[in-house]
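Line by line, the protein sequences are chains F, Y, D, U and X.
If you're matching positions, the first sequence starts at 4 in my numbering and goes up one per residue.
If you're matching positions, the second sequence starts at 4 in my numbering and goes up one per residue.
If you're matching positions, the third sequence starts at 713 in my numbering and goes up one per residue.
If you're matching positions, the fourth sequence starts at 10 in my numbering and goes up one per residue.
If you're matching positions, the fifth sequence starts at 61 in my numbering and goes up one per residue.
It is worth saying that the hints were derived from the structure and are not from the lab.
Using N, Cα and C, we set each Cβ at its ideal position, and we do this for glycine too.
Where hints are given, some of them may not hold.
Stated by the list, open to error - Taking lysine to any residue pairs in the SDA-like style, the calculated list, with each CA pair at most 20 Å apart, reads:
id, chain 1, residue 1, chain 2, residue 2
1, F, K252, Y, H233
2, X, K319, X, H309
3, X, K182, D, D835
4, X, K346, D, S754
5, X, K74, X, Q84
6, X, K96, X, R286
7, X, K210, D, N917
8, X, K101, X, G71
9, X, K244, X, H309
10, X, K210, X, G190
11, X, K319, U, R130
12, F, K252, Y, R27
13, X, K261, X, V214
14, X, K182, D, N917
15, F, K252, Y, D213
16, Y, K252, F, G123
17, X, K355, X, T108
18, X, K183, D, A743
19, F, K252, Y, A121
Unchecked claim - Chain U is nowhere near these chain D residues, computed Cβ spacing over 10 Å in every case:
id, residue
20, L765
21, A823
22, E863
23, G876
24, I906
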Amino acid sequence: MTIHRSPTGPNSAHTSSAVILEARGLGHSYNDRAVLSPMDFTVFEGEFVCIVGPSGVGKTTLLRCLAALQPSTSGAVYVRSERVTQPTAGVALVFQDYSRSLMPWSSVLANVALPLRAAGSSRASARTDALRALALVGLDDVAAGMYPWQLSGGMQQRVAIARALASRPTLLLMDEPFASVDAYTRADLEDLMQRLQRELSLTVLLVTHDIDEAVYLSDRVIALNGRPAHVADIVSVDLGSRRDQLTTKGMPEFAELRARVHGLIRGSRGTTS
Amino acid sequence: MTIHRSPTGPNSAHTSSAVILEARGLGHSYNDRAVLSPMDFTVFEGEFVCIVGPSGVGKTTLLRCLAALQPSTSGAVYVRSERVTQPTAGVALVFQDYSRSLMPWSSVLANVALPLRAAGSSRASARTDALRALALVGLDDVAAGMYPWQLSGGMQQRVAIARALASRPTLLLMDEPFASVDAYTRADLEDLMQRLQRELSLTVLLVTHDIDEAVYLSDRVIALNGRPAHVADIVSVDLGSRRDQLTTKGMPEFAELRARVHGLIRGSRGTTS
Amino acid sequence: MRTRRSEWLTVVALEAWLPVVLVVAWWFGSASSTSVYFPPLSSILGSFAHDWLNSAGLASNLLPSLELLGLGFGVALASGVVMGTVLGLTPALERASRPLLEILRAIPGVALLPIFIVLFGIDQEMKVLLIAFGSFWPILLNTVDGVRGVEPLLFEVAEVFRFGRIRRLLSVVFPGASPQIFAGARTALSISLIILVVSETVGGNGGIGYFLLAAQRNFAISSMWGAIVALGILGYLLNIAFRLIERVILRWHRLQQTRLGSEK
Amino acid sequence: MPSPIETFGALGGYLVTPLFWTTIAETVGTFLLALAICGVVGVTIGLAIGSSPIANQSTRFLFDFLRTIPPIAILPLVLLLFGPTPRMVLVVVVLGAIWPILIQSIYAARQGEPLLREMSRSFRMPRRWYILHIFLPGSMPFVMTGLRVGTTICLLLTITGELLGGAPGIGYQIENAQNYLDTPRMYAYVLVSALLGLLVNAVFWLIQRRVLRWHSSQRREEY
Amino acid sequence: ASPSSAAKPGGIVKASIVIGVGGQLSTADVFTGIDKGFFQKEGLTVTTTTLTAGASAIPQLLNGGLMFAAVDTTTAVSSTQQNVGITAVAPNTVGVPDDDGYAMVVAGANSGINSPKDLEGKKVQVNQLGGTAQALTSASITKDGGDPSKVQFVEIAPPQAIPALQAGRVDAVVLGEPNVTIAKGLGFKAIFNPEQNTVPKLPTFVFVTAASYAKANPQVVAQFQRAILASNQFDNANPDAVRSIVAAHTPVPGAVIAKAHLPLFGEESLTGDQVQRYIDFLVTYKVLQAAAVPKGSAVVWAP
Ligand SMILES: Nc1ncnc2c1ncn2[C@@H]1O[C@H](COP(=O)(O)OP(=O)(O)OP(=O)(O)O)[C@@H](O)[C@H]1O
Ligand SMILES: Nc1ncnc2c1ncn2[C@@H]1O[C@H](COP(=O)(O)OP(=O)(O)OP(=O)(O)O)[C@@H](O)[C@H]1O
Ligand SMILES: [Mg+2]
Ligand SMILES: [Mg+2]
């Protein structure tokens with residue numbers, strides 16, 4: 004599938020778009036053990052930013068702080084220049100531990116529809132939107148009628164994605180959202196995310212451990228590293244606004260960027276080797 | 004890292020090794036909805052077999068039936084020619100839903116040591132073995148002393164792997180065991196699995212949605228497809244007994260095999276497109 | 713260490729403010745009471761001090777009761793957890809025995825007492841069993857439900873790694889069911905205290921329950937209130953002891969619940 | 010003890026008397042009212058207190074103190090305040106039976122999956138939605154057990170209350186039969202009480218099966 | 061339910077009163093008073109309330125739910141001692157001076173217990189440790205030349221007394237009618253009447269009322285006293301009439317009533333002197349502490 008980027012697309016975002024999310028001196032410690040050393044970065048409206056880093060570096064912690072689910076132990080988070088201490092409207096989060104984030108007592112449909120209903124949608128329109136979101140991620144009506152725990156891991160993960168999409172966020176935070184789906188579904192979902200980002204001028208901040216995915220999707224890649232984690236580098240990905248799974252991944256720039264990001268992460272590996 | 008395959012290695016397994024696992028007419032239905040149509044295949048001792056297939060096709064279901072955790076609704080499973088209805092000694096399983104499979108009330112160390120203790124190890128030797136297994140997957144003593152839910156997703160997943168490894172299985176069933184770890188840790192773990200398989204002449208049956216991984220690791224790849232799922236094909240991977248992340252993945256045979264497996268799965272894709 | 717101390721002070725302050733307010737309200741509200749049955753708090757506390765705050769009162773009335781209570785509750789806890797585990801792990805058995813258990817559970821105390829007297833006499837043994845019988849049920853029901861509610865995947869882990877029966881119980885079943893077993897035991901603790909009082913009306917060998925009813929009969933109303941206060945405080949202290957045990961055993965659960973253990 | 014035949018014989022004899030049915034109606038009426046009060050008040054307050062650590066700590070002493078007081082200890086006091094009326098029985102029953110439900114509900118409030126709490130926060134669900142769709146279902150497993158424990162205690166205390174207060178119900182019949190050593194009648198009514206307990210709990214089992222269909226405790230049963 | 065009193069020429073006020081009764085034979089006088097019109101004659105309209113537990117009478121008298129109730133004399137004395145605000149107004153039953161009486165000590169037919177003295181070394185049920193029944197039994201043993209300190213008294217509530225005896229958990233029980241007759245029907249033997257040599261003709265049960273009520277309604281109290289005495293005299297003289305009235309008013313089985321000993325009702329006004337003698341007896345047997353005991357006259361209502 005070919006993705007056409009709009010002229011106001013993410014690659015021109017740095018200069019023309021407004022800042023939607025900003026971390027200033029953001030740091031976090033668990034019980035006095037520092038996990039994130041204070042870091043600063045900004046995300047622009049309509050941008051697609053990926054966060055990469057070794058396992059356990061603090062990506063989930065960072066995302067939870069950005070979503071204001073957890074008070075950071077230092078620094079602050081600003082959404083559209085306002086300091087946030089509570090989750091803000093228009094921000095949706097896909098949790099890494101997707102299976103626990105679904106309500107086992109509700110059907111898949113009800114799980115996806117709940118945020119909509121809570122936000123004031125009528126029962127009928129919430130239902131329609133939820134089914135549409137489920138179809139987007141490749142789940143049919145049969146799956147919609149089942150309980151989450153009757154679904155396979157990858158299907159559950161897609162339910163979690165559908166729920167976030169259905170809520171029509173302007174800023175979407177995703178924590179390894181495609182970890183449990185097969186290669187094809189993954190490619191489809193990647194392209195879906197790009198399309199949605201472009202069509203709805205969604206801002207996406209996505210944590211992934213797949214560097215190809217990060218480079219393919221992003222306008223910029225934030226690489227985390229070290230213990231406590233710091234921003235090793237922020238890599239701008241200038242692969243143009245038209246990307247597709249085959250062509251883009253075959254471009255020499257792609258391989259170059261990929262190698263560069265690889266290098267950033269390799270920097271501080273743990274005891275595994 | 005270069006992997007040297009032993010002469011009795013998996014690629015000659017078809018002919019020289021004994022059958023360790025066999026599915027005969029194995030099929031499964033949930034509440035009369037058929038998920039696996041009856042299938043037959045064998046796994047030889049010392050072999051590394053990967054199972055690939057689209058999300059929701061029935062891989063987890065198959066693995067659970069093979070581990071005798073769930074009675075299949077048709078057919079039977081044989082381990083070393085004996086029909087199994089109860090989990091057998093020497094078989095370990097890494098669950099896809101790793102985070103739920105760890106005991107939240109025990110430390111990481113205790114989680115890993117538990118199967119050893121259950122198998123009769125002394126407290127001290129179980130501890131040593133558990134710490135060694137944790138070190139193999141890149142987790143240090145600090146992590147060993149924490150509760151599983153205090154770890155990052157990828158770390159939890161590695162704990163689950165360490166637990167299975169520590170139990171010294173002869174047949175290891177793994178359900179998307181590297182889904183939540185970063186690219187480097189993943190490569191390390193892949194190589195670790197290969198080394199262990201060779202050194203301990205372990206038989207591994209691994210479910211993955213990463214086709215590169217499947218081809219890189221396997222002696223054979225079983226591709227599942229369709230609804231209900233059937234074995235689309237079993238691909239023999241003749242990449243020799245010495246593999247390494249860079250060289251092997253660069254081989255033209257690798258690309259060819261990969262394309263072939265891709266094609267097998269692509270055959271029956273769902274509503275996603 | 714200073715923060716630890718101030719933490720403790722906060723806990724104590726939080727725990728104490730409401731009782732203090734109520735006691736003060738009671739004190740002034742009842743100060744000029746002339747109703748025989750609602751004497752001023754000052755005279756209740758006087759009786760309480762006189763009856764309970766001395767070694768004789770404790771030795772002759774409190775210790776025998778505590779012994780009965782300990783034995784009765786202990787029997788209930790042990791048998792409730794054991795039977796609850798067995799039933800929780802074997803749904804077929806649980807379904808089969810459910811009607812019988814529900815019927816036994818609903819036998820009124822008035823009818824139970826004579827049956828127990830006939831079967832077990834009027835001595836300690838009968839009282840212990842009566843207390844055990846009454847406080848058995850919350851523990852049983854909670855254990856059954858708790859065991860059945862344990863994360864199914866963990867049972868599968870135990871199966872795959874072929875845990876022995878004992879290890880399965882100690883490492884999976886009990887820890888998994890422990891939050892609910894504790895809830896049942898806390899309920900049962902108070903029930904056992906209540907049945908203790910009833911059981912002590914038989915035979916009349918002293919004890920706090922006998923003391924209370926004798927005071928009631930002899931119109932020693934301040935003493936009766938004093939015994940109620942003593943019972944209430946005893947209940948509170950026993951619950952504190954329980955909470956301390958719970959703090960240790962359910963530490964993981966508390967931490968996990970409070971925002972994934974990162975904050976206290 | 011009388012033989013089962015005698016007991017059932019006696020019971021059979023009572024089944025045709027209007028007195029029997031008014032007796033049952035009396036007990037069941039008080040019981041259901043008390044159960045409704047205990048259930049609603051106990052669950053609501055319990056869950057509310059359980060979800061607020063401050064409220065929980067503040068009320069610990071009060072609750073642990075109060076729930077230790079036996080109903081017979083306060084009988085003269087409630088008799089003085091209310092006389093031997095159904096209202097007195099109701100007060101005794103509620104004061105005695107609310108605690109198991111309350112305590113279990115306090116525990117229940119802390120059982121929910123923390124990640125679901127965060128999920129609802131991240132979607133900024135209004136409080137009402139959170140309570141209705143996430144908090145309550147998550148607490149239900151413990152609450153249901155508490156209700157089943159509390160229901161039987163409610164029934165038993167209703168019978169005790171009738172007996173002590175002299176209200177016309179099963180308790181009075183049992184006591185009266187006991188006074189005249191009319192053991193078949195006594196056991197007939199004991200049986201009635203036990204069957205009532207069975208019946209009410211059967212209803213609760215059905216509710217529990219429905220309400221907790223998603224819960225692992227009920228899922229396992231289907232295997 | 062305060063009495064709707066209106067002064068009448070003859071010094072009688074009309075009043076509605078509620079009397080607490082014990083469902084059994086001992087309050088037969090209240091039922092005869094109703095059926096034979098003794099209350100009506102005094103202008104009193106009576107309703108009865110059944111009291112199950114003895115201690116439940118006092119709160120109800122105090123809160124005005126009851127106007128009169130029969131309680132055992134010891135309760136009347138100790139409530140006076142504690143200033144509960146209760147006063148005794150009329151006799152109910154008095155100790156029976158015969159071999160056979162309303163209250164009996166009952167034991168197994170082959171227990172070898174034939175006299176009070178034989179209770180030595182045995183386990184004997186009483187309704188309250190250190191209470192009236194224990195005092196009466198102890199006194200009877202002493203009078204029989206035995207040593208009551210060698211008897212093990214245990215407290216078991218009356219409804220459970222006979223089952224405990226049947227199960228062999230106690231050797232003897234102290235019962236009042238109709239339980240004596242029921243026990244005999246089960247093959248047990250009535251050994252002796254503990255009232256015979258201890259409190260003969262002394263009031264064992266008395267009618268009490270709230271002191272505040274008596275003070276506010278002295279005329280009603282006087283009318284009640286007259287009606288009850290008339291009723292008591294009638295009862296003692298007409299046992300058959302009493303039996304049929306009791307059968308009509310209480311759930312006691314007819315066959316039991318036919319055989320049961322009726323209590324002896326007090327025919328004379330209650331006096332401080334009678335109560336004083338009863339108190340002295342209680343003090344001797346340490347049911348009450350000598351130091352705190354009230355005068356007999358303080359227990360009895362004096363307008
Ligand atoms: N408990 C259950 N009840 C009913 N249907 C179930 C249950 N568990 C699984 N299924 C269904 O069985 C099918 C296969 O599920 P399974 O978990 O085996 O898939 P999978 O191949 O492991 O997928 P994934 O890669 O997403 O983990 C799915 O359609 C799922 O909905
Ligand atoms: N609740 C907690 N208490 C204490 N330490 C924690 C807690 N949660 C996370 N940590 C620690 O913080 C570090 C970062 O965890 P985090 O989950 O943010 O990693 P991550 O980058 O998301 O890793 P992964 O890719 O494996 O998911 C880890 O070392 C982990 O052990
Ligand atoms: Mg993470
Ligand atoms: Mg799966």
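To see whether the hints hold, each was checked on the structure:
| no. | hint | result |
| --- | --- | --- |
| 1 | F:K252 / Y:H233 | violated (32 Å) |
| 2 | X:K319 / X:H309 | holds (17 Å) |
| 3 | X:K182 / D:D835 | holds (15 Å) |
| 4 | X:K346 / D:S754 | violated (30 Å) |
| 5 | X:K74 / X:Q84 | violated (28 Å) |
| 6 | X:K96 / X:R286 | holds (14 Å) |
| 7 | X:K210 / D:N917 | holds (17 Å) |
| 8 | X:K101 / X:G71 | holds (12 Å) |
| 9 | X:K244 / X:H309 | violated (24 Å) |
| 10 | X:K210 / X:G190 | holds (15 Å) |
| 11 | X:K319 / U:R130 | violated (78 Å) |
| 12 | F:K252 / Y:R27 | violated (41 Å) |
| 13 | X:K261 / X:V214 | violated (27 Å) |
| 14 | X:K182 / D:N917 | holds (17 Å) |
| 15 | F:K252 / Y:D213 | holds (16 Å) |
| 16 | Y:K252 / F:G123 | violated (52 Å) |
| 17 | X:K355 / X:T108 | violated (31 Å) |
| 18 | X:K183 / D:A743 | violated (46 Å) |
| 19 | F:K252 / Y:A121 | violated (49 Å) |
| 20 | L765 | holds (17 Å) |
| 21 | A823 | violated (4 Å) |
| 22 | E863 | violated (7 Å) |
| 23 | G876 | holds (21 Å) |
| 24 | I906 | violated (4 Å) |
Hint check: violations occur at hints 1, 4, 5, 9, 11, 12, 13, 16, 17, 18, 19, 21, 22 and 24; the rest are consistent with the structure.
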